[in-house]
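Participant: Sequential numbering of the sequence shown, starting at 1, is according to our numbering.
These are calculated hints, taken from the structure and not from any lab test.
Ideal placement from N, C-alpha and C gives every residue a C-beta, glycine not left out.
Each hint should be verified, as a subset may be incorrect.
Computed beta-carbon distance windows for the label pairs [stated by the list, open to error]: (1) Pro428 <-> Asp369: 28 to 38 Å; (2) Asn406 <-> Pro372: 17 to 27 Å; (3) Lys357 <-> Lys292: 14 to 24 Å; (4) Thr108 <-> Lys39: 34 to 44 Å; (5) Ala340 <-> Asp43: 52 to 62 Å; (6) Asp450 <-> Asn265: 33 to 43 Å; (7) Lys188 <-> Asn266: 25 to 35 Å; (8) Glu153 <-> Ile391: 47 to 57 Å.
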Amino acid sequence: MKLKKPAVVGVASAAVLSLALTACGGGSGSSADGSGGGKHDKDATVNIGSLYEPQNLSNTAGGGQGVTEALAGNVYEGLFRLTDKGDVEKLLAEDHEVGDDGLTYTFTLRDGVKFHSGKALTSKDVKYSLERVIADDSQSARKANLEVMKKIEAPDARTVKVTLSEKSISFLYNLSYVWIVNAADPEKLKTTEDGTGPYTLGKWTRGSALSLNRFDGYWGDAAQNKQAVFRYYKDANALNNALLTNAVDVVTSQQSPDALDQFENNGNYDVNDGDSTTKLLLAFNDRVKPFKDTKVRQAVSAAIDDEKLLESVWGGYGKPIGSMVPPTDPWYEDLTGVDAHDTAKAKKLLAEAGYEKGFSFTLDTPNYDPHPTAATFIKSELAKVGITVKINTITPDEWYTKVYKNHDFEATLQEHVNDRDLVWYGNPDFYWGYDNPQVTRWVKEAEQADTTEQQTELLKKVARKTAEDAASDWLYLYPQIVVANKNLSGYPVNGLNSQFFVHDIKKS
1 MKLKKPAVVG VASAAVLSLA LTACGGGSGS SADGSGGGKH DKDATVNIGS
51 LYEPQNLSNT AGGGQGVTEA LAGNVYEGLF RLTDKGDVEK LLAEDHEVGD
101 DGLTYTFTLR DGVKFHSGKA LTSKDVKYSL ERVIADDSQS ARKANLEVMK
151 KIEAPDARTV KVTLSEKSIS FLYNLSYVWI VNAADPEKLK TTEDGTGPYT
201 LGKWTRGSAL SLNRFDGYWG DAAQNKQAVF RYYKDANALN NALLTNAVDV
251 VTSQQSPDAL DQFENNGNYD VNDGDSTTKL LLAFNDRVKP FKDTKVRQAV
301 SAAIDDEKLL ESVWGGYGKP IGSMVPPTDP WYEDLTGVDA HDTAKAKKLL
351 AEAGYEKGFS FTLDTPNYDP HPTAATFIKS ELAKVGITVK INTITPDEWY
401 TKVYKNHDFE ATLQEHVNDR DLVWYGNPDF YWGYDNPQVT RWVKEAEQAD
451 TTEQQTELLK KVARKTAEDA ASDWLYLYPQ IVVANKNLSG YPVNGLNSQF
501 FVHDIKKS
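Build the full structure now, drawing on both the sequences and the hints.
Facilitator: Set out below in C-alpha cells:
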C-alpha cells in the first residue's frame, strides 16, 4: 500500500487495460502547445514542486510516496503501467497470454529495450524484479498481492512465464506496480538507478532536489523536455511561494487551500481539480482495548464531524467518504450515512460498551500537514463525549517503525494514497489489525472471481461490513489540485497512487 508520506505502505491497497501505447504520458493540464499556442521548448527544464521527498530510491525498501512520484514511469517501468486515468496498459510487455485455468501467464517482452547502463532487457531481469517484490525483506506495497506467484520462469530471453498458486483477477493490475530493474547490480538501487524509462537519474541533493535527464537511448518516444527537476519543500507556504516566484513550474499536489485564490485570480496559472484516491484515516488498532470493541469504534466515528473537519481544512474542496472506497473504484457506494455524525448516538454507544464516563487514548500523529490540524480537531470533538485524546506527534520514519511495523499504537492518523486498497481489511496482519473472518473470505473470493461483476459484488459487501464495523474512521477524500504555470501543458492532473509522469510535459 502506499501512504501519503511515510515509507510505505501500500498496503494497502492498492491498493487493476486500454489506451494506445506511447511512452509515459499522463493527463493534460492545459492546451497541447502551452499558453497561447506557443511552440514548446524541447530542451526545456521543467521544475516540479513537491512536499514528498523520497526516503531512498527503492520501492521495495521503504522509499515512500516520494520515490513513486519521481521515479515511477519516469525512470523505471513495469510490464504494464497504470495511466493517469486509471487504466492498465502494456508497457514492457508486448503481449501476454493467460492459460485456460487462469493460473498461467506468459509474457512476451518488448524487443530493443535497454537499461540506462546500456544492458539489454531480458526475461532474467523481469524474473529477478518479480522475485524482489515478494522477497522476505521486501517492503513493497504489492508484496502481499503478488505472493500468489508460485513459480517464475524465463525460458528464453524475451519470454517470462508466471504460474500462480490461485487465481488472481487483479494480477495484471498489481504488476503495474512492479518496477523492472537490472538484475546484474541490485545492491546499488537505494542510492542509484538502472531503469528502462525515458529519464535517467541526474543528481539527488537530499533535502533540496532530484533531477531527471532525458534518456537518448529510450525505446519509446523521446521525452518532451530535456530535464525534469523535483524540488522539495518543507511546507505548503514555501511551495506556493516557489510557484509564485517561478522557482517551480507546477505543484504536484496543492496542500494549502487557503492559498488557491492567489492562483485562481491570476491569469498566469491554471488550477486543475483532478480525481483523488487519497483517504485521510483515523486508524484504530483494532487489536487493543478499547478499540477492539466495535461499539467504541462506532462511537468515536459518530462523535467526529467529518464534514466540518473537511470544510475547516479544505474549504469547498474534497469530499466526505464513508469507507475505504473512493468514487473511482468500481465497487464504490455512498456509505457516509453508516457512521454519520451523531453526538447522542456516540454517547449511547459508549455507555453500552461500558465507557459511560469515557476513556483516554494516545493518537500518534505524523508531523506534517494536515495531521496536526486534524488531530487537534479530533481531540476537541471527542472531548464532547468524554474521551480524552493525547496527541503524540511523530516523524514519518517513526510512524513507519512504531505503527506500521511494530503495531505499537492505540490510534493513528494516516493518508492512504492508492486506489482499490479496501482489500487490506481482509488481511488481519495489517497494521490496523481488523480481523473479520467473513470479510477475509469475501476479499479472497473477490480476488479469485471469474468476472469483474463478481469481484465488484463481493467487494461492495466488504465495504459495507467494514463501514458498519467502523474498522477505521475514514475522515475525508482529499482533493487533487494541481497548480501550474500557463506555459506548461501535458502534466498529470489526477492523484492516482502518487505517480507523476513528466514525459509529456511541454514548456513554452
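Participant: What hints, given by number in increasing order, does this structure fail?
Facilitator: 6, 7
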